[in-house]
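**Student:** Chains as they are written, first to last, in my numbering: chain B, 1 to 317; chain S, 1 to 317.
By construction, these hints were calculated from the structure, which means they are not laboratory data. You may find that some hints are simply not true.
[Said to hold, decoys possible] Some residues of chain S that are not near chain B, with every Cβ distance over 12 angstroms (derived):
| hint | residue |
| --- | --- |
| 1 | 38 |
| 2 | 50 |
| 3 | 77 |
| 4 | 111 |
| 5 | 135 |
| 6 | 191 |
| 7 | 288 |
[What the hints assert, rightly or not] Cβ-to-Cβ under 7 angstroms is the rule here; a few derived chain B residues that face chain S:
| hint | residue |
| --- | --- |
| 8 | 84 |
| 9 | 134 |
| 10 | 232 |
| 11 | 273 |
Think of the CB as a built atom: it goes at the ideal place given N, C-alpha and C, for glycine as much as any other residue.
Number of protein chains: 2
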Amino acid sequence: MARTLIVLMAAATALAGCATQQRIDVPLPSMPPMIASAPPPGMAYLYGSAEADALSEQAYNGMLGYVRALLDRTRDARGRLPHQRAAGTLPRWPASASAVLASGSTAAVPQPTSCGALPPAVVLDMDETTVLNLGYEYNDAQTGQAYDAKRWDAWERGGADKVVAVPGAVAAFRQLRAAGVAVVINTNRNAANAADTARALAGAGLGTFEHGTTLWLRGDADGKSGKDGRRQAIAERYCVLAQMGDQLGDFADFFNPPGPAPASGRRLLPSTSRLVARWGAGWFVLPNPVYGTGLGSGWDDTFPADRRWSQTPEGVK
Amino acid sequence: MARTLIVLMAAATALAGCATQQRIDVPLPSMPPMIASAPPPGMAYLYGSAEADALSEQAYNGMLGYVRALLDRTRDARGRLPHQRAAGTLPRWPASASAVLASGSTAAVPQPTSCGALPPAVVLDMDETTVLNLGYEYNDAQTGQAYDAKRWDAWERGGADKVVAVPGAVAAFRQLRAAGVAVVINTNRNAANAADTARALAGAGLGTFEHGTTLWLRGDADGKSGKDGRRQAIAERYCVLAQMGDQLGDFADFFNPPGPAPASGRRLLPSTSRLVARWGAGWFVLPNPVYGTGLGSGWDDTFPADRRWSQTPEGVK
């Protein structure tokens with residue numbers, strides 16, 4: 001099938017002194033589109049590097065160790081957790097067991113929800129947290145297209161067999177479930193594609209998920225794309241021992257204040273004294289230099305004026 | 001001062017139909033160089049994002065928690081560690097206390113060194129592990145220059161006041177030293193610049209380092225840039241409870257096999273069954289999508305053939 005390609009020949013011919021732009025119609029089968037010689041660095045890092053593999057295993061190992069220690073601290077002499085106790089008797093969840101912040105929390109005053117005698121769960125974002133969207137990002141990189149909601153929707157519906165599990169996720173989910181801990185996904189994928197999304201998770205070896213109990217999608221609970229409403233709804237059903245995500249909105253909406261992002265001051269918000277101890281202890285971050293709220297900082301947000309350097313011919317200035 | 005700029009005007013004028021390349025001499029104060037509108041995505045992520053801030057705090061928190069638990073498991077009833085005991089009496093380091101692999105170890109057979117009654121230490125890489133090289137990378141991004149050893153050397157000598165500590169490092173170093181754990185840097189910075197490098201670390205708030213004891217530089221111990229030789233020399237002086245780095249060569253040289261990198265199969269090497277439990281438990285990785293062995297994978301190493309997807313006008317294929 002023929003389609004229109006815009007072939008920018010500037011890069012190839014600039015060194016010859018003059019570049020021209022041409023719009024030409026070519027039948028795709030007989031002439032492949034011009035592609036970059038290698039994937040963008042962020043994709044090479046996240047999907048192709050041993051370093052990102054190690055970072056992912058580290059996050060999952062850290063989460064499992066934290067959850068196991070919390071369960072061990074909570075079990076009574078007969079090995080029972082709070083939801084398994086006879087009414088009125090011990091054990092109880094520690095006061096800080098919940099990794100979900102109560103409604104009204106801020107970075108300065110982060111108050112965990114109460115766990116009562118709820119059964120334990122771990123709550124995770126999906127994309128680039130439990131699955132790597134290799135198919136979609138390959139298509140992005142090859143075609144150079146910007147993000148497009150319709151194309152992403154087609155991916156949600158048709159890409160189930162083109163994802164892989166994030167390194168560490170399959171083993172971690174198996175061990176959580178064996179310990180009696182529910183695995184709950186809180187994602188902004190479209191609720192209309194719930195069945196396809198569950199199929200993608202199952203196909204990646206991550207097990208069975210059910211919309212409304214272990215799978216929460218965009219708009220569930222409160223109609224919003226911010227995840228706080230869904231987090232509260234999940235925390236009414238489970239004691240959420242840990243959260244995992246690649247975007248800080250996977251932990252609390254206050255990491256994404258209104259206005260232009262990245263807002264000045266967002267960079268060091270996770271280092272706020274009342275939040276800092278949570279990283280690696282209830283909150284577990286996965287790397288994502290490919291898309292999302294981690295990208296887009298400008299020169300001034302990235303390189304403070306007092307940390308700029310340039311080399312002069314004599315050496316440095 | 002005037003200097004020669006190569007101004008590539010292709011990008012700005014390509015849309016007008018013709019691009020030209022000109023070499024012009026301009027006095028810098030009156031005409032700034034053409035710069036990109038924003039830093040490269042990898043730099044925006046690592047230096048400007050709250051997500052990378054959280055990842056760094058997570059790695060340092062994880063390391064501290066691991067080291068504290070190991071010290072607590074080892075101390076005798078009087079709080080003494082092995083190097084503080086009277087000869088011949090307990091306590092002893094656990095058999096798996098050392099995070100350094102013995103000479104001859106492989107990914108399939110990773111054997112830790114023996115700790116004897118050595119004093120405890122944590123060993124860290126320097127660049128993008130304990131300090132962020134904001135000044136140098138700003139210069140890279142603004143000038144678009146490729147890596148240049150002479151420019152990097154000028155940076156080592158003159159950039160001490162243009163780095164910042166990696167989030168989490170200052171507090172972690174303080175707590176390690178308070179617990180009697182030495183902080184040791186193993187870096188490939190030039191041994192001739194030892195004093196400047198120590199000054200950069202001190203200026204970032206990371207404390208005092210001394211070449212040959214707590215600061216190991218390229219070529220120390222065995223003349224090589226691989227770090228195994230230095231690791232062995234450090235492990236003869238300390239019980240290394242944890243290692244931290246942004247490149248897998250900061251943990252063991254076998255992560256960088258000879259030949260073209262990334263070698264096929266390197267990606268999932270950290271997930272090897274005998275190594276996987278180390279991530280987050282003795283080995284702690286920091287993110288770096290800006291440079292190093294985590295970059296450079298090609299299409300086939302990044303996107304396996306069976307995980308490629310493209311959207312057709314009808315939907316997906």
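**Student:** Interface hint check: residue 232 of chain B, Cβ to nearest Cβ on chain S, cutoff 7 angstroms. Holds or violated?
**Tutor:** violated, 22 angstroms
**Student:** Taking the minimum C-beta separation from residue 111 of chain S to chain B, is that value above 12 angstroms?
**Tutor:** Correct as stated: the minimum Cβ-Cβ distance to chain B is 20 angstroms, above 12 angstroms.
**Student:** Please check whether the beta-carbon of residue 50 of chain S is more than 12 angstroms away from every beta-carbon in chain B.
**Tutor:** violated, 5 angstroms
**Student:** Beyond 12 angstroms from chain B, beta-carbon-wise, is residue 38 of chain S?
**Tutor:** violated, 6 angstroms
**Student:** Closest CB-CB distance from residue 191 of chain S to chain B, is it above 12 angstroms?
**Tutor:** Holds, because the least Cβ-Cβ distance between residue 191 of chain S and chain B comes to about 19 angstroms, which exceeds 12 angstroms.
**Student:** Verify this label for me: residue 77 of chain S is non-interface relative to chain B, using a Cβ-Cβ cutoff of 12 angstroms.
**Tutor:** holds, 23 angstroms
**Student:** For residue 135 of chain S, is the shortest CB-to-CB distance to chain B above 12 angstroms, so the non-interface label stands?
**Tutor:** violated, 3 angstroms
**Student:** For the restraint on residue 84 of chain B, tell me whether the closest CB of chain S is nearer than 7 angstroms.
**Tutor:** violated, 27 angstroms
**Student:** For residue 288 of chain S, is the shortest beta carbon distance to chain B beyond 12 angstroms?
**Tutor:** violated, 7 angstroms
**Student:** Report holds or violated for the interface hint on residue 134 of chain B, using the least CB-CB distance to chain S and a cut-off of 7 angstroms.
**Tutor:** holds, 4 angstroms
**Student:** Restraint: residue 273 of chain B near chain S, CB-CB cut 7 angstroms. Satisfied or not?
**Tutor:** With Cβ-Cβ at 10 angstroms, over 7 angstroms, it is violated.
The structure shown violates the earlier hints numbered 1, 2, 5, 7, 8, 10 and 11.
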